[in-house]
Amino acid sequence: MNSLDRHSLEEQTRLVSRYVAGDLSRSERAEFEAWLVASPELAAEVEMERRLRRGIASAARRGWLKRGTQTPLPSVADQRWRFAVAASVLVSLVTVGVAVVVPERETSESSDTRVAAVTTLARLAAPRTVRLGSVRGFGTSPDVIVTRSDMPRELTIEPDVMVLTCEDGSIDLECAGGTAPRTPQYSEYEMDVVYRRDSSLALRSSRQLANPGTLLSFVVSDPQKLQTGDYDLLVRGHSSDHEEVVARFWLRITDQ
Amino acid sequence: MSGPSTEDIERVVSAALGGDRHAESQMLVALRPGVLAVLRFGAFHRWVDAEDLTQETLQVVVERVRARTIDDPRKVFAFAAATARNLALNAARKVLRQQTVVDSELVDEIAQNLEMEPNDLSDSDDRHLAQAVMTLLDELPTPRDRQVLVRFYLDGADKQSLCRELGLSPKHFDRVLMRARTRLRTIIERRAPHLALFPRITSILLPIALSFTFWVRDFGSW
Chain A
43 MNSLDRHSLE EQTRLVSRYV AGDLSRSERA EFEAWLVASP ELAAEVEMER
93 RLRRGIASAA RRGWLKRGTQ TPLPSVADQR WRFAVAASVL VSLVTVGVAV
143 VVPERETSES SDTRVAAVTT LARLAAPRTV RLGSVRGFGT SPDVIVTRSD
193 MPRELTIEPD VMVLTCEDGS IDLECAGGTA PRTPQYSEYE MDVVYRRDSS
243 LALRSSRQLA NPGTLLSFVV SDPQKLQTGD YDLLVRGHSS DHEEVVARFW
293 LRITDQ
Chain B
44 MSGPSTEDIE RVVSAALGGD RHAESQMLVA LRPGVLAVLR FGAFHRWVDA
94 EDLTQETLQV VVERVRARTI DDPRKVFAFA AATARNLALN AARKVLRQQT
144 VVDSELVDEI AQNLEMEPND LSDSDDRHLA QAVMTLLDEL PTPRDRQVLV
194 RFYLDGADKQ SLCRELGLSP KHFDRVLMRA RTRLRTIIER RAPHLALFPR
244 ITSILLPIAL SFTFWVRDFG SW
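First to last, the sequence lines map onto chains A and B. Every letter in the first sequence is one number past the one before it in my numbering, and letter 170, counting from 1, is 212. Every letter in the second sequence is one number past the one before it in my numbering, and letter 106, counting from 1, is 149.
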């Protein structure tokens, strides 16, 4: 394994993120791990990568960090576009203002409904996708926190919980013939959202076919309808004769 | 943190392969952080007690070194990593076998235990870590670097699309991540040194205890 050579340290260090995220292939992982055993420096690097991931997640949970809010730094061309967009917005606002000042007659009921709908939409933040897998919350804190002030229109949970087995169903690093395991342990998966306070089922997803190499993806389409409090996200695997809870995550809906 | 280099460790392992018992103890100390990391972040990390399995792994490695069936230090590294993985796989198998009961409270309990990572941080440590990360983000030279970290680690954006979106080369992206880790280590060492202790004190004591056990077993008295 020439990766033990000193000059390849930089290259190996680049793999740290992918390793901690569980993104390396089996052979890459084996090679990386042999290198890891031989290098406390690299092990410390891996540890720090993990701390970095956890620290960022923790800061976000505490509301110290806004996710994905910043936009790329504008180039000159971008700035021109910005002026153009700003001008368009200004013209639109003036048009809307004129329309409001000189309104058409319409029933107050339909008008109120429209305003309410628009207000609700405006309050909801962009859809949010949360991947849960290699890096998970600690046992004492929720894995996902959603605040009402930053409530996404749609919450997508992508749990990395699919265990791949050999064709005979055995869980092994290497299957007969030296091939990698690639058969999902269960053919279908579903997710339950269970309100912890009264153990009531708030939502059950439709079943999803397991597809090796593709993350499961469960959409909570109206997260604003969930009451404030703690929820269990139970991911269940289904086969023709068996079902099993394969993962449990903790979702918290908070008011602030 | 300055630890032994790979070359140093290779020398120590060579000496241990030559039968040097003092070098054997040094080898256990040197290999422990890496073996522990393999178990904590490897494929089956959810199902294993990494500390326990590290000790078991090192025990197997010492036995193999003493049996002189390996002659190349690099093969010892690969053997240690493979042993750690296999022990983790066995532990995972054991746990999964226990999961055959359906629809009972027991299943939920098992699932909960399985899916929660070992809680190695207290609430106050968690806060310290979050504060350290916020300091790191504040210190980053450009808003773009900050964005790289937040988008990559928090939003789960993939490297390729981030590079495209932010106009970064993959090399620059890697550098941002590497610098962030290095800087975080410095901040943590200053503010919450116990979070950065790697290897921790156990990583010194356990291999010594392990060598001592082997020494007593081999020589029968002490």
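Keep in mind that the hints were calculated from the coordinates and are not lab data. Source: prediction; values computed, not measured. Glycine included, C-beta positions come from ideal geometry on N, C-alpha and C. Incorrect hints may have been included.
[Said to hold, decoys possible] Pulled from the structure, derived: some chain B residues nowhere near chain A, Cβ distances all over 10 Å: (1) R64; (2) H65; (3) T112; (4) Q174; (5) L180.
[Unchecked claim] For each label pair, taking beta carbons as the anchor points, the in silico distance ranges come out as: (6) B/A110 <-> A/H284: 41 to 51 Å; (7) A/D202 <-> B/K137: 50 to 60 Å; (8) B/R136 <-> A/L257: 18 to 28 Å.
Hint check results:
| no. | hint | in the structure |
| --- | --- | --- |
| 1 | R64 | holds, 21 Å |
| 2 | H65 | holds, 19 Å |
| 3 | T112 | holds, 17 Å |
| 4 | Q174 | violated, 8 Å |
| 5 | L180 | violated, 8 Å |
| 6 | B/A110 <-> A/H284: 41 to 51 Å | holds, 43 Å |
| 7 | A/D202 <-> B/K137: 50 to 60 Å | violated, 22 Å |
| 8 | B/R136 <-> A/L257: 18 to 28 Å | holds, 24 Å |
In terms of the numbered hints stated before, the structure departs from hints 4, 5 and 7, listed from lowest to highest.
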